[in-house]
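*Asks:* Residue numbers (the numbering used here), protein chains in the order written: chain W, 1 to 231; chain Y, 232 to 547.
Keep in mind that the hints were calculated from the coordinates and are not lab data.
We put the beta carbon where it would ideally sit given N, CA and C, even for glycine.
Be careful, since some hints might not be right.
Said to hold, decoys possible - Below are the DSS-like pairs computed for lysine-lysine, each with C-alpha atoms no more than 30 Å apart in a straight line:
no. : chain 1 : residue 1 : chain 2 : residue 2
1   : W       : Lys68     : Y       : Lys349
2   : W       : Lys101    : Y       : Lys393
3   : W       : Lys67     : Y       : Lys316
4   : W       : Lys13     : Y       : Lys393
5   : Y       : Lys316    : W       : Lys68
Said to hold, decoys possible - Computed footprint of chain W on chain Y, listed as stretches where at least three residues anywhere in the stretch have a Cβ under 8 Å from a Cβ of chain W:
no. : segment
6   : 394-403
7   : 412-426
Chain residues, written in single-letter form:
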Amino acid sequence: MLKVSDLHAFYGKSHILQGVNFNVAEGEIVSLLGRNGVGRSTTVKTIMGEVEPHGSIQFKGNEIAGKKSFEIAHLGLGYVPENRDIFPTLTVRQNLTLGMKTNTPQGRWNIDEMFSMFPNLAERADVQGGALSGGEQQMLCMCRTLMGDPDMIMIDEPTEGLAPKIVEQLANLLQEIANRGVSILLVEQKLSIALKISNRLYVMGHGKIVYEGTPESLLQADDVKAEWLEV
Amino acid sequence: MLEVFIFATLNGLVTGFLLFMLASGLTLIFSMMGVLNFAHASFYMLGAYFAYSLSLYFGFWTGLIFAPLIVGTLGALVERYGLRKVHASGHVAELVFTFGLAFLIEESIQFFWGRDTKNYQTPDLLDFPLFTLFGQEFSAYRGFMMAISIGIFIALYYVLTKSRVGIIIQAAITHPQTVSNLGHNVPLIFMGVFGVGTALAGLAGVIAGPVLTTFPGMATVLGSIVFVIVIIGGLGSLAGAFIASLLIGLLQSYAIASDVGMPDLLSLLGISFDRGHPLNDLWTMNLPQIAPVLPYLLLVLVLIFRPTGLLGKREE
Ligand SMILES: Nc1ncnc2c1ncn2[C@@H]1O[C@H](COP(=O)(O)OP(=O)(O)OP(=O)(O)O)[C@@H](O)[C@H]1O
Ligand SMILES: [Mg+2]
């Protein structure tokens with residue numbers, strides 16, 4: 001589905017990504033872990049075309065490095081940014097409408113289904129997005145991306161600042177998304193949710209992938225956890 | 232007295248809605264680019280001239296339809312091959328570009344059409360009084376201007392707030408990258424908004440040309456008032472631009488219609504001056520004479536008491 005090879009990225013003169021390699025297969029949930037500031041967000045932004053890529057990014061067999069964000073989205077790659085970039089002055093329903101790439105919903109998801117999965121959002125369908133709680137905004141942001149019927153989504157730190165109960169709800173949603181054949185790249189700092197739902201994990205440190213494994217193998221790898229993750 | 236008031240109100244509304252046709256496009260374009268498009272009123276002038284030339288060969292109605300389309304296409308091309316390129320060099324470059332464009336359009340118009348005022352006429356079909364009130368006539372053409380501009384206002388309101396395209400535009404203005412990530416072609420949307428905005432300016436020129444006269448200075452005359460409007464309304468606020476457009480339209484119209492002058496006000500206060508006084512000109516000024524500067528007076532007041540404009544948001 002997604003194959004990133006020797007990816008480099010820069011902010012001005014600082015060399016942030018220094019040769020990142022990883023891949024995500026069809027229907028897989030893959031987590032990208034690491035400490036603050038190691039470049040996980042930069043990795044997904046670069047894949048999405050927000051930051052200029054140097055290297056190769058293959059998505060469903062297409063080279064997408066150098067393409068514009070909207071073209072990449074049209075190929076079926078969805079992105080849920082870490083700042084929960086909902087449109088605060090638009091209603092919940094309008095936010096969802098904006099996720100659709102065409103005038104009529106098509107593919108795996110539709111608005112009614114989103115609302116039945118998230119009664120909170122249904123109740124507040126005509127409320128401005130800016131009036132929602134942090135957790136509700138996170139759900140809205142995720143649902144909005146799904147409305148575009150992506151074949152793969154990249155989610156940046158969705159659990160940040162969420163109550164444990166909502167994190168659990170989110171884990172279930174991610175599982176449901178994967179069940180419908182959508183691949184997931186989950187960027188996380190917390191080990192718990194990643195260990196629970198991932199098929200495979202990568203650990204990032206200083207602009208490079210420093211570890212690749214399964215949840216079971218990472219649990220055993222105390223040296224990796226001590227050096228590259230906060231436990 | 233009542234008939235003066237009614238006619239002044241009607242004329243004020245005609246002007247106000249016309250001004251909004253320009254102010255709305257200018258506001259939308261400002262929200263997208265972050266700079267004022269100094270050439271906006273030039274597209275208004277182009278509309279009038281194109282419509283004039285078309286009307287000579289094909290009649291007024293052909294001009295009404297095709298002149299705004301031509302102007303809008305030109306506007307979209309200017310965005311695509313001009314502003315978008317200049318954008319990379321920053322706001323100052325964009326401002327200079329729109330300034331230059333305004334000069335270029337004015338010079339081109341003088342080159343192709345000459346410096347004199349064109350005899351652009353209202354169509355015969357609308358050359359009758361729409362109604363007569365207290366012995367005074369309201370021309371059908373003014374009614375037509377009002378109908379067109381109110382129609383445009385409603386259409387714009389509906390498209391921007393109710394349609395999917397409008398919602399995408401609203402979101403693209405504040406969060407362009409996010410909208411792009413969702414699969415929408417933001418540069419294309421901006422080009423479309425620029426095209427529609429300039430087409431509306433062109434349409435305003437088409438319908439105002441016969442009434443406000445078609446001459447090479449018409450962009451400067453109306454352009455400065457439209458800038459005043461978007462600043463009074465609050466930069467980037469469509470609702471503010473709407474209120475300010477009507478406010479200025481009505482204010483000017485009332486001032487022109489009223490006969491009140493300084494001597495009346497002063498004598499109310501029991502003051503009078505003899506004719507030989509050195510400031511006689513000042514004491515005998517009347518409101519119709521002040522009407523043209525009223526918008527600027529209002530601008531100064533707004534800038535003093537509410538620097539962000541009526542509905543503007545504070546800079547972050
Ligand atoms: N817009 C930017 N301009 C300059 N430097 C940036 C910018 N964004 C991020 N950086 C720097 O790039 C590095 C990687 O940032 P990134 O956001 O990818 O980290 P991260 O792994 O997502 O961590 P976290 O999200 O926890 O902060 C950091 O050192 C950060 O300071
Ligand atoms: Mg991050």
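*Asks:* Determine for every hint whether it applies to the structure shown.
*Replies:* Hints and how they fare:
Distance hint between Lys68(W) and Lys349(Y) is unfulfilled; the C-alpha atoms sit about 48 Å from each other, more than 30 Å. Restraint check for Lys101(W) and Lys393(Y): satisfied, since their Cα atoms lie roughly 17 Å apart, inside the 30 Å limit. For a cut-off of 30 Å, the pair hint linking Lys67(W) to Lys316(Y) stands: about 19 Å separates their Cα positions. Only pairs whose Cα atoms come within 30 Å are accepted, and Lys13(W) paired with Lys393(Y) is rejected, the gap being roughly 45 Å.
For a cut-off of 30 Å, the pair hint linking Lys316(Y) to Lys68(W) stands: about 17 Å separates their Cα positions. Closer than 8 Å: that is the beta-carbon criterion, and the segment 394-403 of chain Y has 5 residues meeting it against chain W, so the requirement of 3 holds. Interface restraint, the segment 412-426 of chain Y with chain W: holds (6 residues with C-beta to C-beta distance below 8 Å; minimum three).
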